[in-house]
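For the record, the sequence lines run as chains G and Y. Quick note on the numbering used here: the first sequence kicks off at -17 and runs consecutively. Quick note on the numbering used here: the second sequence kicks off at -17 and runs consecutively.
Hints are computed from structural coordinates only; laboratory data are not their basis. Even glycine gets a Cβ: it sits at the ideal position worked out from N, Cα and C. Treat the hints with care, as some may be off.
Claimed, not checked - If you want the footprint, here are the derived chain G segments under chain Y, 3+ residues with CB under 8 Å: (1) -9 to 0; (2) 183 to 196.
What the hints assert, rightly or not - Footprint (simulated), chain G over chain Y, 3 or more residues, beta carbon under 8 Å: (3) -12 to -4; (4) 193 to 203.
2 protein chains.
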Amino acid sequence: MKFKFNMPVNLKFGSGVIKDNSEDFKLGRKALLVTGKNSARLSGALDDILDVLTDQKISFDIFDKVENNPNLDNVAMGAVYAKECGADFIVAVGGGSPLDAAKAIAALCTNDIEPIELLGKKFENPFIPIIAVPTTSGTGSEVTPYSVLTIPSMKTKKSFTSPWSFPKVAFADPRYTYSLPYLKTVDTAFDAFSHLMESYYSLRSTPLNDAVALEGIKVFAECKGDITIGNITEDVREKLMYASCLGGIAISHTGTTLMHSMGYSLTYFKGISHGRSNAMILAEYMRLNKSELPEKTEKVLELLGFDSIDEAGSYFSLGLDENPVLSDEECRTYANLAMGQGSAKLNPKSVNEDDVCDLYRIIFGGGQ
Amino acid sequence: MKFKFNMPVNLKFGSGVIKDNSEDFKLGRKALLVTGKNSARLSGALDDILDVLTDQKISFDIFDKVENNPNLDNVAMGAVYAKECGADFIVAVGGGSPLDAAKAIAALCTNDIEPIELLGKKFENPFIPIIAVPTTSGTGSEVTPYSVLTIPSMKTKKSFTSPWSFPKVAFADPRYTYSLPYLKTVDTAFDAFSHLMESYYSLRSTPLNDAVALEGIKVFAECKGDITIGNITEDVREKLMYASCLGGIAISHTGTTLMHSMGYSLTYFKGISHGRSNAMILAEYMRLNKSELPEKTEKVLELLGFDSIDEAGSYFSLGLDENPVLSDEECRTYANLAMGQGSAKLNPKSVNEDDVCDLYRIIFGGGQ
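Please take these sequences and the hints and turn them into a complete structure.
This is how it looks when you write it as structure tokens:
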């Protein structure tokens, strides 16, 4: 057994954690709040943060132009803004997009590189520090070093990572997800679940990481029935945020696998949300890997209370009329792009491009 | 649910991790190796470290005068030595004593305070960084911020903690425990178990931390039979070191409880090893707390494969002829000292000095 474990983020979880820990905001003299158009305000997180920054006499500016699935231009714009306003730390608020964008902006603030060089770059200088405040329970980005960015020139998403891209502090307050609409709650919960499951399945999985992932799968399972009937209580919100944090901790150590590699094209080309994209692939992903990991597959089904992979597949299509239909050419293109993702190499069952193309055909109906 | 989670130590676990990660030693220009008389050499850790330091062209000096259960004078001597030789980081090698001493030495190197001020002190300056290399599987100190020191003026052990006392990197290589004699293996394994169990029982326990602790208890349980018959294979060594690391991660978040508070006097006054001291108290500790934590108590017994607390008590007296006998006065003194420990306040069942005195009487035979 060989493994590494490290969770350098100071994760503070629970109702009211921002106001309870206002000292944590003393990371610099000038904060840049990085967020999207709405979620920071709607969630109530922005008000709490502004109160604390005012209390602590820390000046701030707001960059609220992070797009969904941010691309390189978008984060470059944020970095220009951060430098112009003299920010020396970032408070990132929102779903995965603002949190991932903040990591890229933090990198570009201190490293004189082209945005495209973020990918695979060994950075010379420490990033400006980040405080992360999630307003969805899915991405887990608040506790990971990953920044996933859309790269139009490559027609896909790519991620970068660095020891400096871990947030310094993460405030996970389930109340900030209370205003999240039902379908977005489902999509993001499925994203969290995909992290837990892929980490558990990853070639890089370790006993300690498995314990974290299984705890998350157990907690997700406790919410499963309530998610189905739309009974999203405060207790469910809390559990989903907890499961999401666990998913983030888990993939920090293992990365993701083929479900993510395959999901990206559905988001890039079809505009399907990230969590939903993964969920569409989940059943075939389990079927594919069952021969390599029979015990883990049984364990996941047992914890979820499903008798079969079909039953799991049916659950994870909740709220979906039918899968989109992909042409054979689309299947080939997506398979090629999926194989270009590092996550494909961490899949327990080794696959080639033809295998992945077949998977797309099975799931998305083999249209012409 | 409110909780914090943070594991800033870069834990690298497995055979050969030091040589595989020689770059991690580049923490400064001059290393001070902090260790006791023998274990660094006997374990083989010292040779690996010296090879890597030589490869990396990092100069070093050795302070090998750490005593068992180091006191303030001992760590003060180490700090004088560290400053004289101009060390800017520490490589601590050994059991709990050298690792805990290293944290105190690292603090004293950069903070102009009296050694006694280590206790409860808010430190002004960051400590010099520490690399920790355990040669026992018990303390978990390589992944905790705790430094437990013997304080003769208080007739007990006391600990201090700081965000800076976490080692930067921990290299947990099970091979370094191969030379550990059987009884020391048992004693330290019992120490690791006490961390796992007390963290699980602690008033500060959280679901995430429970998952870590239960993973450790499960792994300890896998070794239980082999420990009994002295079949300490390489596989058992690996599992025990893994369980010890999990215990360290667990108590980093919760601290310990009454078992530790009560154990310290047995070490201080009777010279009984730390792990053994805890083990002597374990059964009555479980009985005491059973009413508060019936489910957790059942879970621990179930994982260990015991039908009753008596059976657990019998197991944890392995290799012991009989408990020492304490006089009534000793019971009173020890109870008073135990109540002065912060860990007593984290016990699930609230206790007063009389309760603790009764516990000592029950366990240690009510001698005169």
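Hints, one by one, checked against the model:
Check result for the stretch -9 to 0 of chain G against chain Y: holds, 8 residues qualifying (beta carbon to beta carbon below 8 Å, three or more required). With 5 residues having a beta carbon nearer than 8 Å to a beta carbon of chain Y, the stretch 183 to 196 of chain G meets the requirement of three or more and the stated coverage holds. With 9 residues having a beta carbon nearer than 8 Å to a beta carbon of chain G, the stretch -12 to -4 of chain Y meets the requirement of three or more and the stated coverage holds. Coverage of the stretch 193 to 203 of chain Y by chain G holds. Counting CB-CB distances below 8 Å, 5 residues qualify, and the rule asks for three or more.
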